[in-house]
Amino acid sequence: MMKKTTAAVLGIAGLVAIGCASMAHQDEEALAAKALELMKASFTEQGQAKLDRLNQDEVQKVCSEYNGDRKIPKDVAERLEKAQLETIKYPADGKYLGDWKAGERIAQSGVGMQFTDTAGAATGGNCYACHELTKQELAFGTIGPSLYNFGKIRGNTPEMQKYAFGKVYNSEAYSACSNMPRFGHKGILSEQQIKDVVALLMDPSSPVNK
Amino acid sequence: MVLATSAVAFAQQPSSAVQEIEKYRAALGDGNPAELWEARGEALWKEARGPKKASLEKCDLGLGPGVVKGAYTQLPKYFKDTDKVEDLESRLVSCMVALQGFTPEQAKKDPFGGPGKKVPMDALVAWITSESRGLKMNVQTTHPKEVEAYELGRKMFFFRGGPHDFACATCHGADNQRIRLQDLPNLTKIADAQKAYTAWPAYRVSQGEVRSFQWRLYDCFRQQRFPELQFISPASIALTMYLAKNSNGGTFNAPSIKR
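These protein sequence lines map, in sequence, to chains A and B. Add 630 to a position in the first sequence, counting from 1, and you land on the number used in the working numbering. Add 9 to a position in the second sequence, counting from 1, and you land on the number used in the working numbering.
It is possible that some hints are incorrect.
Using 20 Å as the maximum straight-line C-alpha spacing, the simulated PhoX-like pairs for lysine-lysine come out as follows [stated by the list, open to error]:
hint : chain 1 : residue 1 : chain 2 : residue 2
1    : B       : 93        : A       : 664
2    : A       : 701       : B       : 198
3    : B       : 198       : A       : 670
4    : B       : 78        : B       : 145
5    : B       : 93        : B       : 145
6    : B       : 78        : A       : 664
Simulated restraints, written as ranges between beta carbons of each label pair [stated by the list, open to error]:
hint : chain 1 : residue 1 : chain 2 : residue 2 : range
7    : A       : 709       : B       : 76        : 50 to 60 Å
8    : A       : 792       : B       : 232       : 48 to 58 Å
9    : A       : 658       : B       : 215       : 12 to 22 Å
10   : B       : 149       : A       : 820       : 26 to 36 Å
11   : B       : 119       : A       : 735       : 31 to 41 Å
12   : B       : 93        : A       : 732       : 49 to 59 Å
13   : B       : 214       : A       : 788       : 27 to 37 Å
Hints in this document: simulated from the structure, not taken from any laboratory. These figures come from a predicted structure and were not determined experimentally. The beta carbon of each residue, even a glycine, is placed where N, CA and C say it ideally should be.
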């Protein structure tokens, strides 16, 4: 009897909790819509940065919602990753490795796509802003993991090269709501530039693997 | 052994670089060029300007007409006369319009200084904020519009967009992170939010200018690859509300000096 009562109470408490959660969810959605409206009235286009940059795609919308203590549910994450994996356009020639020296220049450069940048000029990947890559560059950030010895640790295999290409092309395909930009999917880096970055990561002669 | 020693020195390099920057700041702190802006700001506050040839001495920054001391620690806040939540810069524009007779366009025409261009707004902000030095941040969300501004600011903080999918939270949502060698405060945590917010405005050595909090947000969004954030726009005030309130209890210590 005691057990039944407890179960019943728990059941009601559970329902209330679910009710609160879905109410909170609705509130958050309404708030998000209002915040977007506010932002559209507060930003103006400048140079290459048009107002459409505020129009979120599915990844941006979902990942804005799940943040801080609100972790993305596993099924949502898996769905998102699957959809993003399908966006990756692998090189038609089947070659993933470019020139690691060009890759190093791309990793160093943070130029591109700000409204103060020249539209159409070659953009950088700014990898060092967030990652350690080589032991020669001390000014690296820590938002992402260290990539030192990336190829040496994982092995310079075609499978690993393909994975590295895909990860740089669209990081969300492997880790939902990753902080890393989707360099290929969003047209930040060209296919050749991504190959060069992959060479920086994988090529045995790259300082990343020394 | 030599290898081991150099490896240790190597690993320590970034943190010691940060310590060197701290020393540099401390050395400069005694003679912060922001004082020049502060002096100009105080003179501007008292100077009769605009079509009505009036000073700003009757401007109500939230603690009553003419009260400057401590005013910045309670901003942004709701003002009944404009029926809006205002930060310091937007409140100054409201006062310039109401008291001095400027049009809103005139009052917000030159929000930030640049090479060879010193603007009244930077100077006024430098002086008024300096009058809160040593006082604790105490931003309230009692009026419904203050609550709403805070909540909208929170949403903006986590809003991912643009070609790089960046949000404020991308760089400022986790502990102990760096971009290149620059330490990044986690603005969702009280201690970091206090330390960061109470250090703006700042004299930027690299730019030779005093930069306001409005400028800080403007330039963050530029680097986020967003379009241009408009000066004292509602979104800028909402985000300021979120960040200012998160710093409550922190001791205000600006204008500061930064690289």
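Distance restraint hint 26 to 36 Å, applied to the beta-carbon atoms of residue 149(B) and residue 820(A): 51 Å, violated
Range hint compliance [Cβ, residue 792(A) to residue 232(B), 48 to 58 Å]: At 32 Å between Cβs, range violated.
Holds or violated: are the alpha carbons of residue 93(B) and residue 664(A) at most 20 Å from each other? Satisfied, since the Cα-Cα distance of roughly 16 Å is no more than 20 Å.
Residue 93(B) paired with residue 145(B) [C-alpha distance capped at 20 Å]: Distance of about 24 Å is beyond 20 Å: violated.
When you check the alpha-carbon spacing of residue 701(A) and residue 198(B), does it fall within 20 Å? Roughly 17 Å separates the two Cα atoms, so the pair holds.
Range first: 27 to 37 Å. Now tell me if the beta carbons of residue 214(B) and residue 788(A) are that far apart. With Cβ atoms ~50 Å apart, the hint is violated.
CB of residue 93(B) to CB of residue 732(A), is that within 49 to 59 Å? 52 Å, holds
Given the hint that residue 78(B) pairs with residue 145(B), does the C-alpha gap stay at or below 20 Å? Within the cut-off at roughly 12 Å; holds.
Quick one: are residue 119(B) and residue 735(A) within 31 to 41 Å, going by C-beta? 38 Å, holds
Decide if the proposed pair is consistent with the structure: residue 78(B) and residue 664(A), CA atoms, cutoff 20 Å inclusive. Distance of about 35 Å is beyond 20 Å: violated.
Range hint compliance [Cβ, residue 709(A) to residue 76(B), 50 to 60 Å]: 55 Å, holds
Cβ distance range 12 to 22 Å for residue 658(A) and residue 215(B), holds or violated: Violated: the Cβ-Cβ distance is about 39 Å, outside 12 to 22 Å.
Hint compliance for this structure: hints 3, 5, 6, 8, 9, 10 and 13 are broken, all remaining hints hold.
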